[in-house]
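Participant: If you read the sequences in order, they're chains A and B.
Going by the working numbering, the residue at position 54 of the first sequence is 54; the numbering climbs one at a time, nothing skipped.
For the working numbering, add 1000 to where a residue sits in the second sequence, where the first one is 1.
None of these hints come from the bench; they were simulated from the model.
It is possible that part of the hints are untrue.
[Claimed, not checked] Partial list, computed: chain B residues near chain A (C-beta under 10 Å): (1) Gln-1044; (2) Thr-1053; (3) Asn-1058; (4) Leu-1062; (5) Arg-1232; (6) Glu-1236.
The structure displayed is predicted, hence computed values, not measured ones.
C-beta atoms are modelled at their ideal positions from N, C-alpha and C, and glycine is treated no differently.
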Amino acid sequence: MKDSFYRRAISFTNARLWLLVHVDILLLGSLLLLIAGGLVILYSASGQDVAMVERQVFRLTVGMLVCLVLAQLPPKYMRRASPALFIFLTILLICVLLFGVGAKGAQRWLALPGGLRFQPSEIMKIVMPMMIAWYFSDKQLPPSFKQIVTVMVLIALPVVLVAKQPDLGTSLLVAVSGVFVLFLAGLGWRYIIGAAALAPIAGYILWQFMREYQRQRVLTFLNPESDPLGSGWNIIQSKTAIGSGGLYGKGFLEGTQAQLDFLPESHTDFIIAVLAEEFGMLGCGVLILAYCLVIARGLYIAANAEDNYARLLAGSLTLTFFVYMFVNIGMVSGILPVVGVPLPLVSYGGTSIITIMATFGILMSVQTHKRAR
Amino acid sequence: MSRRHQNFRNYRQEQRLTQGRVIASAIFVLLMALVLMARLFYLQVVQHELYQTKADDNRVMLVTEPPPRGLIYDRNGLVLADNRPIHSLTVIPERVEDFSKLKQMLSGIVAISDSEWEDFESRLKEYRRPYQSLTLKSQLTDEEWAKVSVDLYRLDGVQVEAQLTRYYPYGEAFAHAIGYVGRITTDDLERVDRLAYQGALFIGKTGIEGFYEKTLFGEAGLSKVEVNARGRIMSELERQNPTPGKDLHLYLDARLQQYAYDLLGDYTGSVVAIDPETGGILALVSKPGFDPNLFVRGISYDDYSALRKSTKLPLFNRALRGGYPPASTIKPFMGLAGLEYGFANWTERYFARGYYQINPDGRRYRDWKRTGHGWIDLERSIIESVDTYYYQLANKMGITPIHNFLSRFGFGRSTLLDLNGDSIGLLPSNEWKKAKYKEPWYPGDSVNVGIGQGFMVATPIQIASATSALASRGHYFYPRMAATIGDKPAEFEEGLGEEHDIVLKDQRNWERMVEAMRKVITDSQGTARRLQGTPYEIAGKTGTGQVFSLQEDQEYDADSLEKRLHDHALFIGFAPADKPKISVFAIFENGGSSSKPADLTKKLFDAYLYDDYPAEYDYLKGNKDEG
């Protein structure tokens, strides 16, 4: 009986029906697991604001639709569209700097007719790896030095544009999404080690480009207690929330840091602290495991993709998703500076959910559009 | 275009390369995930207790609840200091968006003076707990209360709070005896437990309210509350109810106090009445007084400067701090001193002329009676208040015996048991003069002290307690206000102002001196003979204290002098003379003749001993059973 259940489960995932609608059931399943968990945390983090949870569900639904629609699109079309998309988005990024709207001293959005707002840098997170993967798609791998330089220039251009908005978090993610393609394409280890050695210098140059509040964030990260009521407040309170949660947590809706508003941005960037406080290390472990399932499936899809373009793109998108998670949890738990990266699919928020779900649409497309062998 | 290179590429190898990188990435992801878990382990397991404490420190706050203040009763159970609910307009600053807008809106509803706003704004700058309300206008009238209540819904952050405030129903006559409570200042907070006074509106400042602050205050309630990040209280975790302050029952008789205050009329002055059997203060009057209720919620600048500027010094507690020459009221004590040290006796006769000279041709120390008193003895020196007798007696004694003897009666030191802020007056001595003036003590100095003038200064409470000791034939009590504290008789620190007997070499001298003082009233030449005709016997002594010194041969002419230069009129007395139940000291500043305090004293005796009060004092009768 056990055997037949297992076989049936296998046959379910391999069902021709799923292939027909271009859905990867394992990826979808692990995503739904993550999303469901995320909504439960959001309910608590929002102060049991059902309306807020409903808005999040709506956004996730839209994201899911985007995902399923993109899944129908064969990777070869994506490949062909890549350079045009890249040029188009780069122009839009320039437009953002010229005519953009925004808040808190940063302009990130383009105003569209009908009161809609659109953030090109978000989409750049997908288009960047598409572009670099397209660049490598007709080249012999591993890349030559000249190719590496070319790619670095291609990466640097939008990254600088995004960083100037200024949006450090997104520019970082845009950069890594491109760099991951380079890595997956077989960037020589000597370059990687060399880059690691040069990182301090790069850090110094980056420092020169930073706005005052960004520098403050880094300084606060290095010593949060220096300004306990000002910029250090967030990180002190999030560490307190996490630490006080202990192994098993204080219980759902019982987190004092979160429920009594000591934890700032508890429903957006710092939502993991709510989970950590109310469900403890155990809850965090389950969440990270859910992420790892999604990432494992993404890397599996990448490894088994049909061609270089699909492999590089799928791999880079998956790794970028991981970086998203890692940077967020890292900053909330105090091992990385606070750079304003949401916890993917869990934090309450607009554009990033759509682009992340689009990512998984592309992965599903890569997995389900392979020519039959 | 890719087809062109197809032949040269090894797709299999490229696939292996990228797949290898994917595997490397997977390992990297796994490692980084483990880094995160390690970090969480560190925070949530290793440092859990630290952060648990931090989280609790965040959310748990101690809030104190001020206890109801103990009440103060007079000897007949009349409430002299009460707690009364009032309605105040308070503001929670955190909830107000725009103060200028609020000011504008409020101006149409209730009159708030500029000084009230200024006061509010200055307190706004001081440290306080978030979401704690601040009083904007205290003691709303019913009309104001109604008006504000109607508009409350559109006044964000504004509320009407009911609070218990201190109320002194009988006002100014009692201000110097009971004292008052006032707004807690930073200085006050240095002396007390800050936490206990966190929610308190006022603290005892003077008088009984000041001295018995700890007793009257009680113990603040303490609750542990859960607050949110903005300091708002969300729930109560633990609670310890406040312990109300203890009630005080005083020896004070409210009717006697008010009566004495009224009997001073338009004069400034002081009256102190003491029960010689207990040392309990029956009346402690300093006139003029002031309305202590002004101070309770913080006195306004205008009110305060009016009190400060008044030439009658209403804020000055004459009963405790007023330094007066005891004048002739010192004579019974001086006589006892002479007897004690063998410089006087009851039989020796002395020819009293109109003046006294230490040396022939020296300065003439004048008697109040120009013609002199002729042949007199010690008793008659009391009856007729013969100055020259005491000039010669003091000259014979010198200052040291005088100083030693009078200090046994409390002169020159603090006599207070449960009041603060008295002055110790001045009982001069050789040493004192040397230190102060770098001059030796001259015989002339003694002469002046002999009639309670010169360097000698005493406060009403000192003279009254000395009189009480005389009345009880030498049983000295430090005068006291509180009879019972809570349910128990008032007890005082051991060794501090304990009652004791003043033992004379010849104890019969007490009775002889009282007899002489009785004759001050009964004798046809007695200086207080106007008090004759009471159904009980009074013993007393008059006094007139010089405000300024007359030249040697200058005649004192009351009519030609400004009132403020008139002599102070003093009287000490007790009754019934054989077994006194009340002793009184009264002084009318610039009262001129001692008939005024003598008459007052007699009326107080009538009232206290025979309940012979004018009917208008019935409201102060109290009800012993209630107390």
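Participant: So, for every hint listed, does it hold in this structure?
Facilitator: Do the hints match the structure? See the list:
no.	hint	verdict
1	Gln-1044	holds, 4 Å
2	Thr-1053	holds, 8 Å
3	Asn-1058	holds, 5 Å
4	Leu-1062	violated, 16 Å
5	Arg-1232	holds, 9 Å
6	Glu-1236	violated, 14 Å
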